[in-house]
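Here's the letter readout for the chains.
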Amino acid sequence: MDMSAPLLELRGIGKSFPGVRALHDVSLDLRAGEVHALLGENGAGKSTLLSCMNGLLRPDEGKILIAGREVQFARPAAAIAARLAMVHQELVLCSNLSVAQNIWLGREIRRGGGRIDRAATRDRTRELLAMAGLDLDPDCILGTLGLAEQQIVEICKALASDPRIIVLDEPTASLDDDQVQRLLGVVRRLRDRGLGIIYVSHRLNEVLELADRMTVLRDGRHVVTRDLNGMTEDGIVSYMVGTNRAGNGFAWSARPIGAPVLEVERAVTRGRLKDASLRVHAGEIVGVAGLLGCHREELAQTIFGTVPLQSGAIRIDGHSPRLTSPMAAIRAGVAYMPADRKEQGLVLGMSVGENITMTELDRLSRLGLIRRSAARRMSLDLMRRLGIRASGPGQRAGQLSGGNQQKIVIAKWMTKPGRVVIAEDPTRGVDIGAKSEIWGALRSLAEEGRGLLVMTTELQEMMQVCDRIVVMSRGRVTGEFTRDAFDVERITACFFS
Amino acid sequence: MSIATTPRHRGPAIIPQLIGNPLLWLLVLILALGLMTSPVFLSGNNIANVLRNAAVVGLLATGFSVVLLTGRIDLSIASVMVFSVIAGVLLTTEAGRYLGYRWIVRGNTFAGPEALAIGLCLASGALLGLLNGLGSVGLKITSFIFTLITMTALRGVSYLITNGAPVYYSEGLMRWLGEAVFFGLPVGFILFLAMAVLLHLTLSGTVFGRRLMAIGGNEKAARYSGINTGLIVIAAFVISGFCAALAGVLFTARLMSVEPALAQGYELIAITIAVIGGISLAGGTGSIPNVLLSAVTFSAGLNLLAIWGIATWYQNLAIGIALIATVILTRVLNKAKPS
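As you go down the protein sequences, you meet chains A and B in turn. One rule links them: number in the numbering used here = place in the first sequence (from 1) + 30. One rule links them: number in the numbering used here = place in the second sequence (from 1) + 15.
The following block holds chain B by itself, in its conformation from the complex:
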């Protein structure tokens, strides 16, 4: 085969790729079942709820996937998610006290500038990601172990700095983040969508993204090509921490309160969504749009089960079955493809 006569290579066409995607069929099946069995499932309100939930777990899974793509893991995301919201509130309150304001009012309600609290929350998330990255790269501790440590430690610190008590938000920016809807899409979901698109473009079109994928594919070959692998891995952890903090903000916006015991086990939901979305635990393969689709499918499926009145433990069983089905399906599809 000569190169000159080969037709110009184009990216895989989007439409056939979508049609061939089993996740999409699962989502269509869920929507069809919902339409047939429940009058509320496809109501605007319920769809907004599904998407709000998808935004929280999807953001966690997206950041987590970036770390997975480097062949590492970040178990601390759920702890970071809760801790950074608490940190944002407490840091703002401290700053207020320094300036002579009292921003925690009666009933443990936060009454300070919410934008500042959210900004500090996102910054804490990124910083904790930096800590995870520096710890696993700099100290050469396996990411599994290091993020297990931060996962546990951050829970502990969250209890210590709040005494275990919840902090409430008053009406305002948080309420808006939790409730506003544009063109049928909740604002939280729009943020998730924007983040997913940004990360997808970063991974597919930038030097950083290409190098990150190379590290996941073959770290030694990447290093031998002169790539600063440590720096890129650290950046992946920062992205994961930032996404977790943003997920924390959206999560808090729905509850209008935060407490240290929340969102335990969410890291496992993120792993589930990432794996169903086709991110390889070994690194190097997978795409963010698929994770987005996976998050929406996941939360639509759980929502439908809840509408049907199926108990939580059966819901967990359903998640397990979906996971096994994905794993088997991936293997079958990979075998069918000529390698």
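Here chain A stands alone, though its shape is the one from the complex:
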């Protein structure tokens, strides 16, 4: 084995899915004894790259080298055999089994006759736990442990295959600060033993604290691989969002702003929303910015009546309706375009037309019978207005591309009279052309005098289309900027306050 070669090297990796180029010419090298951060916005291609690394996906282009030798992983087991172990973001452990049973699940240490060698299992488990610096009884039932311990057990499970490379996909996403520190300690310990670690995280402060180098992806492309010496969070963010993205039909123009249509005052919910106040006026597009864990989705859910308000007030068009269900919220004049179009926005098995008219069936029927021609006219009209590319209203929604599906989610609400429109990540995972059409459609809603609350992960996009940006962090509103004061660094500073 060539000891001078990097543990893992990716050269010019490319991967396309139907209609999307997920990765384009991405390269990365991982040395022994380093923590290498892999960074990028949602949809930048991190997950696809990880899947290519561990054999879940096969890259269309490029090479993967392990210790200088080219490899091709047909499935995750092949990656593990090549001593590359992945720890997924979600825990994949059985909470009813013991720590030792979990760690050795699928590769149990056996004695003759298919019996499990309990003593050896316990000893080896102790070794692994010691390696991670966790003082635990191997027979302890996993479900009784805290989240951080479970996360560390997950890492121990990866260590059980004796890897030289460990990939950690957002291991701290659901941990609090103390738990994060424990986990970072474990990662450092593994680095000091000479393992190479690829570390994916949205928490830039912990990346700066932990990692030696970073690779940033944006829109599926490799932006930079560099040392983290002297880097700041703002510096990383500007690599991630790109400061000079080309202008692309996201033109902003002044609109007449009217009376407030949505007023949220000191909203608190059980759990996530700590203190959120904001106001949206007729004709206005207001963006809510924040990192994962800022709980702006909770704010949207509260306004839409699926999460109860514990204290505070929500006023719509000056009234204070009881927002107890989506039905009540829609009656009060709220339209909600959820982020997860497949899970919450569309019935994929139904046709484009059936989805578009779902919110309008009462208007499109007489005595409970659907007036097919009227429904068809409305579908065709909205398809034309939004540029939904389908063979016709009869095509199944599940067959369309992401951008066209997203336009259906918007079309569902175009003809409703509601004054408040909440759009969560309306441009997630869609190409730049569809993005511009989607923003155009949303802008036309504002021009009709509705107030829009948009939440996207792409700050740059929000800065282009919004009249105002409100920043949230950990369930609180921590900043508010009018258009003339938009500034990446000042806005992102509020992400962490």
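Just so you know, the hints here were simulated from the structure itself, not pulled from any lab data. Please read all numbers here as calculations on a predicted model, not as lab measurements. One or more of the hints may lead you astray.
[To be verified] In silico DSSO-like links for lysine-lysine, alpha-carbon gap of 30 Å or less:
id : chain 1 : residue 1 : chain 2 : residue 2
1  : B       : Lys155    : A       : Lys372
2  : B       : Lys235    : A       : Lys446
3  : B       : Lys235    : A       : Lys372
4  : A       : Lys446    : A       : Lys372
5  : A       : Lys304    : B       : Lys235
6  : B       : Lys235    : B       : Lys155
Given chain A, put chain B in place with the hints provided.
This is chain B only, laid out in the frame that chain A set:
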């Protein structure tokens, strides 16, 4: 592709759809085999018998399918079927006693107004469906569990209120329902046909039907579109209960008696027919006409096996094979279609 130039969308043509339907081919195969091997299989009398049986199991399966389409299950249908007939008779008898008539005569035979008994039976079925709906939606108990409870409990109550003894019907409306034939079709089958057509039109052309299908396809998206999902699910259970009671009436009309131990395991026959008819257990996909076809095919197939003198356990094996074949065939056909 631009929208303006697309040809007007029409519903899928019925003829090619039928030709492409493997169920129809199975039915044709059964009929051909029957014609070749048995002189009685295609006789008017036997066909009427096949259709009478298809009406009972088909009605059960149709109501059951409406619940399946919402992504839920109603295990109680066979119990509801028997219980509601018993309830109809006993409620009528009670009403008679209140009015000073004696409507249960010698030999435990019901001699009261049959139309009233049937009406009360259908109403009980719908009410029990309402109970199932309220229980699983209102109490947020999984429909599998809640209808398992009602399935068991209703059997118990049926025994309690009859002491396990059968109640007999005398000649009259019931006999007519069991025996009358119009244009070669038994009256029970005509009722099933009417119910199936009505439910098919409801599911395909009304707001209620569209919303019900949406709930089965993606309940969250339906809720987020402002649909009162609870109400629609409850209505689906009411339809299922009503269909079960109607199936119970037709079932009783053939035996001219009812007792609590009857029709055990019929819910499994309904599941079989629904699945062979292409209703997805996950909800949202399937059509009632296919369930109708499935019920006729199912009962024709079993009838032919019986004519051949094949023992019941082999008949069960045949049902099992048909089920597996359907599941595999569906998977193959779905793969062949570009998604």
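Consistency of the hints with the structure:
no. : hint                : in the structure
1   : Lys155/B x Lys372/A : holds (24 Å)
2   : Lys235/B x Lys446/A : holds (19 Å)
3   : Lys235/B x Lys372/A : holds (10 Å)
4   : Lys446/A x Lys372/A : holds (22 Å)
5   : Lys304/A x Lys235/B : holds (26 Å)
6   : Lys235/B x Lys155/B : holds (15 Å)
Going through the hint list in order, the structure satisfies each hint without exception.
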